[in-house]
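**Q** Each chain, letter by letter, is given below.
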Amino acid sequence: MSAGFRAVQWNRDKLIYDAILAAGVVAFLGGFAAIAGRIHPPNNLADTIDIWIRATGSCAFLMLTIILCIGPLARLDRRFLPLLTNRRHFGVLTFLIAAAHGWLMVEWYAAQNALPDLVAEMTSGKGYDRFIGFPFKMLGLAALVVLFLMAATSHDFWLAFLTPPVWKALHMLLYAAYGLVAMHVALGIMQYERTVLIPLMLFGGCGLVSALHLIAGLREHRSEAGTPVNAGGWIVVAAPDDIPDRAARIVLAPGGERIAVFRNGDEIGALTNLCAHQNGPLGEGRIIDGCVTCPWHGYQYRLADGCAPPPFTERLATYRVRINRGMVEVHPDALPPGTPAAIRLSAGTN
Amino acid sequence: MTRSHRFVHRLIWPALPIAIALGLTMALALRPPPDPPAATGGKP
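Note that the protein sequences, when read in sequence, are chains A and B.
Oh and the first sequence: position 280 is 280 in my numbering, straight run, nothing missing.
Oh and the second sequence: position 42 is 42 in my numbering, straight run, nothing missing.
Looking at chain A on its own, in the form it has when it is part of the complex (with noise of 0.2 Å):
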């Protein structure tokens, strides 16, 4: 959390995050080049090298596609949180890897002393205004660029540099990167490879993580409307007990911000539902240790106030609740971050 700076927090769950996560690069570039070896295998040194192309490609893209659906299968599914925690680590390793392959491939012209093929091809502008024959590097280029300013900023400190809503629309163009990685192969090896395992990763990939995007966004819609408003302005969450016990239900406020209202025992409070870390969906975390604590990476929170417990100084915006006619309500205009508006049901106000 907020208190002092540490290059990287590692914690248990965090080294074993990272060794699956390696080991699981290193089996299948390894099973890629053995495979791969066997079937064509290589006569030349640029032979060999085209062998990592494709395997540190197809794991680029591989990851670029997990990274993609580990948010909306976590939202579809609590058991995929654990994927989420420490997505960044997978983010940084897959920019090492598609580095790795734009590396091979400035080999792979060396290795045949055409170099200045390759820098002519890449500084000709030709081949722009054409659809099949568009010049494909260009736009792994603009990926791996797009890859690396993510991992280069993925550190906490950027993240509070930037402020977490800059910081969240910059790691937003991961999916234009990926746009750019699909087209990259799909007018590049594609076009002269007959293989339908290509077109099968392609369609494949793309297909997953626009289906879990769907899916993951119908259901929030389905579960934000109705939400009914009294004359007052308050709107009617739900009755005390259908609020389930150290978590939330999230209401829309009608200005379109999302309120998660929690329930700790006999204690109601509400909270703005983005987490001042990286703006994540506070309501869909638990109640741990007496603390709202984010799915996403653990940030806490009290919920009498929204205030993070000492030495951490993170602080949410709160919203009044009341109980009117058996039913919990929440009034949809913030209140100052830090201010205490938490109820208890056994004392009517707090």
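Hints are computed from structural coordinates only; laboratory data are not their basis.
Glycine included, every Cβ here is placed at the ideal spot set by N, Cα and C.
Careful: at least some of the hints might be erroneous.
Have a look at the derived ranges for each label pair, beta carbon to beta carbon [what the hints assert, rightly or not]:
| no. | chain 1 | residue 1 | chain 2 | residue 2 | range |
| --- | --- | --- | --- | --- | --- |
| 1 | A | 122 | B | 7 | 35 to 41 Å |
| 2 | A | 11 | B | 7 | 34 to 40 Å |
| 3 | A | 222 | B | 7 | 29 to 35 Å |
| 4 | B | 35 | A | 131 | 18 to 24 Å |
| 5 | A | 35 | B | 10 | 39 to 45 Å |
| 6 | A | 114 | B | 10 | 42 to 48 Å |
| 7 | A | 256 | B | 35 | 25 to 31 Å |
Following the hints, position chain B against chain A.
**A** Quick look at chain B alone, frame taken from chain A:
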């Protein structure tokens, strides 16, 4: 996700998959035919 992020997300999402699907389909449909097999000493 803030309200503005959500707005952009919902604006982009319908367009991006359609554009990518269209691009992939065109790239697949328009790719050149494979090279003809090398001549192997057929009829004179």
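**Q** With reference to the structure, classify each hint as holding or not holding.
**A** Results of checking the hints against the structure:
1. As the Cβ distance of residue 122 of chain A to residue 7 of chain B is approximately 37 Å, the hint placing it in 35 to 41 Å holds.
2. Between residue 11 of chain A and residue 7 of chain B the beta carbons are some 35 Å apart, a value that agrees with the proposed interval 34 to 40 Å.
3. Roughly 19 Å separates the CB atoms of residue 222 of chain A and residue 7 of chain B, a value that falls outside the hinted 29 to 35 Å.
4. About 21 Å separates the C-beta atoms of residue 35 of chain B and residue 131 of chain A, a value consistent with the hinted range of 18 to 24 Å.
5. Taking the beta carbon of each, residue 35 of chain A and residue 10 of chain B are about 41 Å apart, inside 39 to 45 Å as hinted.
6. The beta-carbon spacing between residue 114 of chain A and residue 10 of chain B, approximately 46 Å, falls within the hinted interval of 42 to 48 Å.
7. Roughly 56 Å separates the CB atoms of residue 256 of chain A and residue 35 of chain B, a value that falls outside the hinted 25 to 31 Å.
The structure fails to meet hints 3, 7 from the earlier list, while all remaining hints are met.
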